[in-house]
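Chains G and E supply the protein sequences, listed in that same order.
Just so it is clear: in the first sequence, position 45 is 44 by numbering that gives the first Met the number 0, and no numbers are missing.
Just so it is clear: in the second sequence, position 124 is 123 by numbering that gives the first Met the number 0, and no numbers are missing.
Keep in mind that the hints were calculated from the coordinates and are not lab data.
Since this is a predicted model, take the numbers as computed values, not measurements.
Just so you know, even glycine gets a beta-carbon here, dropped at the ideal spot from N, CA and C.
Watch out, some of these pointers could steer you wrong.
Stated by the list, open to error - DSS-like, lysine-lysine: derived pairs with alpha carbons at most 25 Å apart:
| no. | chain 1 | residue 1 | chain 2 | residue 2 |
| --- | --- | --- | --- | --- |
| 1 | G | 15 | E | 31 |
| 2 | G | 67 | G | 136 |
| 3 | G | 136 | E | 31 |
Claimed, not checked - Heads up, incomplete: computed chain E residues facing chain G, CB under 7 Å, no partners named:
| no. | residue |
| --- | --- |
| 4 | 45 |
| 5 | 75 |
| 6 | 78 |
| 7 | 129 |
One-letter residues, chain by chain:
Number of protein chains: 2
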Amino acid sequence: MEKTEEIKFKAIGLIKTPYIDTAPYQPIAEDKGDFRIVLNYAYANGLLQLDKFSYMYVIYYIDQLSSKTEMIVHPPWSEEEVGLFASRSPMRPNPLGISIVKIKNIEGNEIITSGLDVFNNTPVLDIKPYIKDLDSKEDANYGWIQEGQKDKEHLLLHIQGIPHDY
Amino acid sequence: MEKTEEIKFKAIGLIKTPYIDTAPYQPIAEDKGDFRIVLNYAYANGLLQLDKFSYMYVIYYIDQLSSKTEMIVHPPWSEEEVGLFASRSPMRPNPLGISIVKIKNIEGNEIITSGLDVFNNTPVLDIKPYIKDLDSKEDANYGWIQEGQKDKEHLLLHIQGIPHDY
Chain G
0 MEKTEEIKFK
10 AIGLIKTPYI
20 DTAPYQPIAE
30 DKGDFRIVLN
40 YAYANGLLQL
50 DKFSYMYVIY
60 YIDQLSSKTE
70 MIVHPPWSEE
80 EVGLFASRSP
90 MRPNPLGISI
100 VKIKNIEGNE
110 IITSGLDVFN
120 NTPVLDIKPY
130 IKDLDSKEDA
140 NYGWIQEGQK
150 DKEHLLLHIQ
160 GIPHDY
Chain E
0 MEKTEEIKFK
10 AIGLIKTPYI
20 DTAPYQPIAE
30 DKGDFRIVLN
40 YAYANGLLQL
50 DKFSYMYVIY
60 YIDQLSSKTE
70 MIVHPPWSEE
80 EVGLFASRSP
90 MRPNPLGISI
100 VKIKNIEGNE
110 IITSGLDVFN
120 NTPVLDIKPY
130 IKDLDSKEDA
140 NYGWIQEGQK
150 DKEHLLLHIQ
160 GIPHDY
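Kindly generate the complete structure, drawing on both the sequences and the hints.
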């Protein structure tokens with residue numbers, strides 16, 4: 000395999016969330032609290048017209064991890080054995096996270112968003128607009144979640160980060 | 000701003016496409032030719048059950064760039080002025096690309112996919128399953144593309160990478 004050199008990135012800003020010790024598995028759209036992306040001032044002009052979009056991708060560096068990366072994982076709510084790349088586990092060879100959030104408002108170098116499933120002060124690497132025809136795949140499926148699962152509805156609550164008490 | 004240290008990633012494999020000198024702006028689903036992700040052998044087990052999904056995200060390092068990053072960009076097919084983070088321009092502070100592709104088959108450490116909008120031998124950083132309820136936002140919009148544009152349909156052909164001769 001070619002191209003084994005290190006690839007270097009740097010934070011363009013930080014994600015501000017109420018999560019210090021624990022965070023949900025996935026974004027909670029109706030999450031209460033203050034969620035915002037604070038970009039370095041040098042990048043503020045790059046936000047022009049972003050507020051025309053209803054959704055955006057936030058790409059971040061999952062920097063608060065202690066567990067080891069394994070190629071086979073067990074989702075926390077399932078006994079299924081799945082490959083790491085068939086899962087959204089944060090313990091990946093390159094700990095890159097992607098969340099899709101609603102854009103509520105832009106104030107200078109800050110983007111106020113719907114709920115984000117990350118710890119406070121997580122470094123942001125990139126922001127991209129979510130464009131309906133390009134990113135919304137209505138014929139997508141649920142992969143291994145839809146087969147051989149006793150309780151698909153319950154699993155989907157976990158996957159979507161919807162709080163529930165059963 | 001805190002956290003200014005370098006973030007280091009490494010390629011987990013390479014993307015193989017027919018594109019040597021030019022590439023489309025976005026994935027072309029019906030693209031002819033051979034498109035595949037070749038992972039390093041160490042990661043092959045991480046593909047278990049990925050073939051149950053119809054789509055996946057490919058996250059890659061856009062390593063063949065020569066242009067400079069500007070905070071205000073003009074999309075190649077439009078006179079609109081938009082912020083870099085309201086665009087999908089590849090010239091970003093961290094040149095990270097995301098494409099959503101169909102999973103056609105998995106053979107050992109290789110994933111055969113639908114068309115990918117990148118040059119041959121682009122380094123792959125991560126693969127994630129595209130999960131319908133989490134990633135498909137039917138209420139998403141077209142942002143600045145839907146306002147004040149003379150020819151939205153034409154723009155969407157460009158954005159979706161659909162070939163056309165007008």
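Output the indices of the hints that this structure fails to meet, ascending. Of the numbered hints, 1, 2, 5 and 6 do not hold.
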